[in-house]
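Number of protein chains: 2
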Amino acid sequence: MTLFGLDRREVETALTRLGVESDDGTTAELFARAAWSGIAEPGDSMAGFLVSHVGASGALTMLIDHWSTARILDAVANGIAGSDLQAVASQVENATARWRPRLDSRSALQQLSLAAACHATLLTPGNPAWPDRIDDLGLHTPLALWVRGNPAALRSTSRSLALVGARAATGYGEHVATEAASGLASRGFTVVSGAAYGIDGMAHRAALATQGTTVAFLAGGVDRPYPSGHSVLIGRIIETGAVVSEIPCGGAPSKWRFLQRNRLIAAVSEATVVLEAGWRSGSLNTAGHAAALGRPLGAVPGPVTSAASAGCHRLIREYGAVCVTTVDEMVELVGDSVPGAEPGGGGRSSDEIRVLDALSVRSVRTPEDVAVRTGLPVDTVHSALGILELDARVAERPGGWVYLPQAR
Amino acid sequence: MTLFGLDRREVETALTRLGVESDDGTTAELFARAAWSGIAEPGDSMAGFLVSHVGASGALTMLIDHWSTARILDAVANGIAGSDLQAVASQVENATARWRPRLDSRSALQQLSLAAACHATLLTPGNPAWPDRIDDLGLHTPLALWVRGNPAALRSTSRSLALVGARAATGYGEHVATEAASGLASRGFTVVSGAAYGIDGMAHRAALATQGTTVAFLAGGVDRPYPSGHSVLIGRIIETGAVVSEIPCGGAPSKWRFLQRNRLIAAVSEATVVLEAGWRSGSLNTAGHAAALGRPLGAVPGPVTSAASAGCHRLIREYGAVCVTTVDEMVELVGDSVPGAEPGGGGRSSDEIRVLDALSVRSVRTPEDVAVRTGLPVDTVHSALGILELDARVAERPGGWVYLPQAR
Chain A
1 MTLFGLDRRE VETALTRLGV ESDDGTTAEL FARAAWSGIA EPGDSMAGFL
51 VSHVGASGAL TMLIDHWSTA RILDAVANGI AGSDLQAVAS QVENATARWR
101 PRLDSRSALQ QLSLAAACHA TLLTPGNPAW PDRIDDLGLH TPLALWVRGN
151 PAALRSTSRS LALVGARAAT GYGEHVATEA ASGLASRGFT VVSGAAYGID
201 GMAHRAALAT QGTTVAFLAG GVDRPYPSGH SVLIGRIIET GAVVSEIPCG
251 GAPSKWRFLQ RNRLIAAVSE ATVVLEAGWR SGSLNTAGHA AALGRPLGAV
301 PGPVTSAASA GCHRLIREYG AVCVTTVDEM VELVGDSVPG AEPGGGGRSS
351 DEIRVLDALS VRSVRTPEDV AVRTGLPVDT VHSALGILEL DARVAERPGG
401 WVYLPQAR
Chain C
1 MTLFGLDRRE VETALTRLGV ESDDGTTAEL FARAAWSGIA EPGDSMAGFL
51 VSHVGASGAL TMLIDHWSTA RILDAVANGI AGSDLQAVAS QVENATARWR
101 PRLDSRSALQ QLSLAAACHA TLLTPGNPAW PDRIDDLGLH TPLALWVRGN
151 PAALRSTSRS LALVGARAAT GYGEHVATEA ASGLASRGFT VVSGAAYGID
201 GMAHRAALAT QGTTVAFLAG GVDRPYPSGH SVLIGRIIET GAVVSEIPCG
251 GAPSKWRFLQ RNRLIAAVSE ATVVLEAGWR SGSLNTAGHA AALGRPLGAV
301 PGPVTSAASA GCHRLIREYG AVCVTTVDEM VELVGDSVPG AEPGGGGRSS
351 DEIRVLDALS VRSVRTPEDV AVRTGLPVDT VHSALGILEL DARVAERPGG
401 WVYLPQAR
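Chains as they are written, first to last, in full-length UniProt numbering: chain A, 1 to 408; chain C, 1 to 408.
These are calculated hints, taken from the structure and not from any lab test.
Any given hint could turn out to be false.
Partial list, derived from the structure: chain C residues whose beta carbon lies under 10 angstroms from chain A [what the hints assert, rightly or not]:
hint, residue
1, Glu179
2, Ser309
3, Cys323
Remember, predicted model here, so these are calculated numbers, not experimental data.
Even glycine gets a Cβ: it sits at the ideal position worked out from N, Cα and C.
All chains should be built: construct the whole structure from the sequences, respecting the hints.
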């Protein structure tokens, strides 16, 4: 019996060597997903569209059997509005033209062997280790993920932050990355990043040094550690965490693949924090994906005299990134309350709490009166009132101050 | 003829020596404003309330003639809601009790002499040099301003920014203050600050060095340069700019007066920028006043490892301060467009503009297609698309990218 022109038993064996269980009902679909990951470039939404309608195996059959555009459209017509048919027809035409040169079942089988050789495994949607959040990418969801290391680490991204930044990091940026990653790791967050030089590498290293879990997404095959100067680091990530790619083994990274890799980092993580980035850093691309997906986005400020922080300030000024300066503030991005902090942020000093307690909604009270009620020096009362006024918790009225009640 | 128990001619002479013109109709009111500035503490809204209803002269007469609380209330009853009468009665009672010990016409006359001796002048509302924006303080508007130097400099705050920050500034903060003040001064903005050590002093110095106009607000009398270590600097400000206080000459600064002085800095300036400030810096008080007055508020970020920038980050995170990193961004706070920048902020690179030009609202175009249309390398197109996507100017659709039209 053959499958996509291959001996079916050969395919089953190749999958088994990857640790992938399959049976008569699933072998074709699993193999087709693997094959598609080598046929379509990352983020190819036409591939996503076909696979979501007729399955990976069905879509691969269309390609192998040279289905006409009209026949393909017939098969997926329920997914297309009538008025769009002509535009989609031309897109299908273009897509099959670009896929066909890569259509080679033998080479897909070879990719499975390369994966087995480096102890990678194949993950597809529905696998317990598949990171659900990645499905928010819709038609851009990867068709398969190739994973070296511990697939459970990938699953642990359900509680994770992406820490990204420039390759050309400064000592300041590296310090910030180290503090952030070790702080998050020690609070039980998985640290997601891209294994690049600079910020990414420091984030992975610090997470490992804290015995935390860390996951790296690569822009090429997981059998090709990239950058090569990070081979050892990537090897260490594999020992306890996971190294992941949607590109099959043997695949080389490209600029496009780096940009698409960034969407995976943003998608699997609960929030993304840019630690240090120049005005045009690639990490702004990751930030853009996070924002487009509605994920919380933070950026760490730095000296305005440092070009290496200009991208972070840009994110805060122009793209609504939250200014984050501590690990607690990064954790707040994902809505977790930090012990000791007031819900909703800020945190009140004990002086401010005492002053709030001493104020009334109805009666105006002078700072002197509040000083007597709180037992605080008048100077301290004035400072606390200033802070509280800034936060619209108190207001000055003729003769003194009042407390402003508010829903939080 | 007497005035508030003084020889009227003596009062007229004292005002004339200050360069203040008066006549039969205005002498009493001008002198009473000067006297009130020594009787009521800054920001005393009950003094503001009485003066706004019966004039400074009328209010002073109430005090000198020992009007009963009931009679005072009768005179201002149209300003008080019936239900508030009892509360206001007790406030009037308290106010007259705290004002009476300071009621001394001879000492008010003496303050005029001290002012004349240091070549200060007296400004009251309606004077051409009175800074109109200060009236936004309502009942907290100062009753008079004492000015050394050039009153026109105070008037020039109609186009001004307040640059404030911590006394305990770092080299970074001083650098930022110097760049900000000289950049703003060279763009024609008056630099307003508080003459304190650290950030304030650097801002004044840089404005002076750029032949700009700068105005310092003091918390004590303008005849008493404070801090004394800044006597020379304050003298230089007087030469071309203005040194201003609502406290009459001879008055000492106090913590309360510093906090109230901050409200004047925030009120006269178009916007306030905090350049460097610790978590509890007094400059946060100025920021609070600016926010309460609805004035634009900016804060300059710094290293998250520097406690001296923690207050700035706090303003950005918790109080909606705009993250400002350049002089142009400070100017944008007051709504002035910066040449070369797109209205509404941001500024587009020429690459981004070319990519936008090459996209269509209706037809999806691949990055490769855009590269051909723009003549840009595909990598550059990808980068530009990433930035534009972040800004929601473009969107990825099946098969390529489209331009998103938007009202700005």
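Chain A contact restraint on Glu179 (chain C) - CB to CB distance below 10 angstroms: holds (9 angstroms)
Interface hint compliance - Ser309 (chain C) to chain A, C-beta minimum distance less than 10 angstroms: Holds. Min distance 8 angstroms.
Interface hint compliance - Cys323 (chain C) to chain A, C-beta minimum distance less than 10 angstroms: holds (4 angstroms)
In the structure shown, no violation is registered for any of the earlier numbered hints.
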